[in-house]
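Asker: Order-wise, the sequence lines are chains A and B. All residue numbers for the first sequence refer to our numbering, where the first residue is 4 and numbers rise by one. All residue numbers for the second sequence refer to our numbering, where the first residue is 201 and numbers rise by one.
One should not assume that every hint holds.
Claimed, not checked - With a straight-line cut-off of 30 Å between C-alpha atoms, the simulated DSS-like cross-links for lysine-lysine are:
{"#": "1", "chain 1": "B", "residue 1": "Lys257", "chain 2": "B", "residue 2": "Lys271"}
{"#": "2", "chain 1": "A", "residue 1": "Lys44", "chain 2": "B", "residue 2": "Lys222"}
{"#": "3", "chain 1": "A", "residue 1": "Lys25", "chain 2": "B", "residue 2": "Lys294"}
{"#": "4", "chain 1": "A", "residue 1": "Lys21", "chain 2": "B", "residue 2": "Lys294"}
{"#": "5", "chain 1": "A", "residue 1": "Lys22", "chain 2": "A", "residue 2": "Lys41"}
{"#": "6", "chain 1": "B", "residue 1": "Lys309", "chain 2": "A", "residue 2": "Lys56"}
{"#": "7", "chain 1": "B", "residue 1": "Lys271", "chain 2": "A", "residue 2": "Lys12"}
{"#": "8", "chain 1": "B", "residue 1": "Lys222", "chain 2": "B", "residue 2": "Lys309"}
{"#": "9", "chain 1": "A", "residue 1": "Lys12", "chain 2": "B", "residue 2": "Lys257"}
{"#": "10", "chain 1": "A", "residue 1": "Lys56", "chain 2": "B", "residue 2": "Lys222"}
It should be emphasised that the hints constitute simulated quantities derived from the structure, not laboratory data.
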Amino acid sequence: DTEVTQTPKHLVMGMTNKKSLKCEQHMGHRAMYWYKQKAKKPPELMFVYSYEKLSINESVPSRFSPECPNSSLLNLHLHALQPEDSALYLCASSLGLANDEQFFGPGTRLTVL
Amino acid sequence: GENVEQHPSTLSVQEGDSAVIKCTYSDSASNYFPWYKQELGKRPQLIIDIRSNVGEKKDQRIAVTLNKTAKHFSLHITETQPEDSAVYFCAASKTGTYKYIFGTGTRLKVLA
């Protein structure tokens, strides 16, 4: 398996809902990332896990909660989101060292009503 | 802070012509420069990258050049085809960090 996969592809949620985004890779990569991408903008880094430990949190609001259960899986738990959080959420992975090539998943298109 | 400027923001070329996208970075410690192609509704795909120990890298119709002194790098696409139409992002990174600094993107349209 040479791809990063993400589920669901689309998600619509209300501001009081709790939902989770999932990301999986079986390439043996040890670094995994969450990005947020707004239309016509570059991806914006949210979190980085390196060897299952949170390495970077780009001052993301606590309504976004990342989790890395094992080296192949990455979750993003969502709670009490705002309409401005609507975006494409991208997962990426890389071998494990900093400054490696990052490979992106297809993303989850999130709409917050 | 660290910054990557990317130009132009939009680029239209006739099929078969060449396209060039330029990026300038601010952090002289940057030493890794990937380029991503993102088609509408799709994931960003790594199409080529270059590290600071080389000045040029080529892969079929795509090439990247790096000028460390001027702190800029460029993507060159030759013999463009309609399927090259997409948004292209450059990025810069450095040893010891997982963070990419992305450019603002270039929308390339190849006209048939």
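Asker: Decide, hint by hint, whether the structure agrees.
Answerer: Checked hints:
The suggested pairing of lysine 257 of chain B with lysine 271 of chain B holds, with an alpha-carbon distance near 16 Å, which does not exceed 30 Å. Distance hint between lysine 44 of chain A and lysine 222 of chain B is fulfilled; the C-alpha atoms sit about 17 Å from each other, no more than 30 Å. Distance check on the hinted pair: lysine 25 of chain A and lysine 294 of chain B sit about 28 Å apart at the alpha-carbon level, within 30 Å; holds. Restraint check for lysine 21 of chain A and lysine 294 of chain B: not satisfied, since their Cα atoms lie roughly 36 Å apart, outside the 30 Å limit.
A C-alpha spacing of about 20 Å is found between lysine 22 of chain A and lysine 41 of chain A, which places the hinted pair at or below 30 Å, so the restraint holds. Under the criterion of a C-alpha separation no larger than 30 Å, the hint pairing lysine 309 of chain B with lysine 56 of chain A is inconsistent with the structure, at around 41 Å. Of the supplied pair hints, the one linking lysine 271 of chain B and lysine 12 of chain A is violated, its CA atoms being roughly 38 Å apart against a limit of 30 Å. Only pairs whose Cα atoms come within 30 Å are accepted, and lysine 222 of chain B paired with lysine 309 of chain B is accepted, the gap being roughly 16 Å.
The straight-line distance between the Cα atoms of lysine 12 of chain A and lysine 257 of chain B is roughly 35 Å, outside the 30 Å bound, and the hint therefore fails. Restraint check: the Cα-Cα separation between lysine 56 of chain A and lysine 222 of chain B comes to about 36 Å, which exceeds 30 Å; the hinted pair is violated.
In summary, the structure is inconsistent with hints 4, 6, 7, 9 and 10 from the numbered list given earlier, while agreeing with the others.
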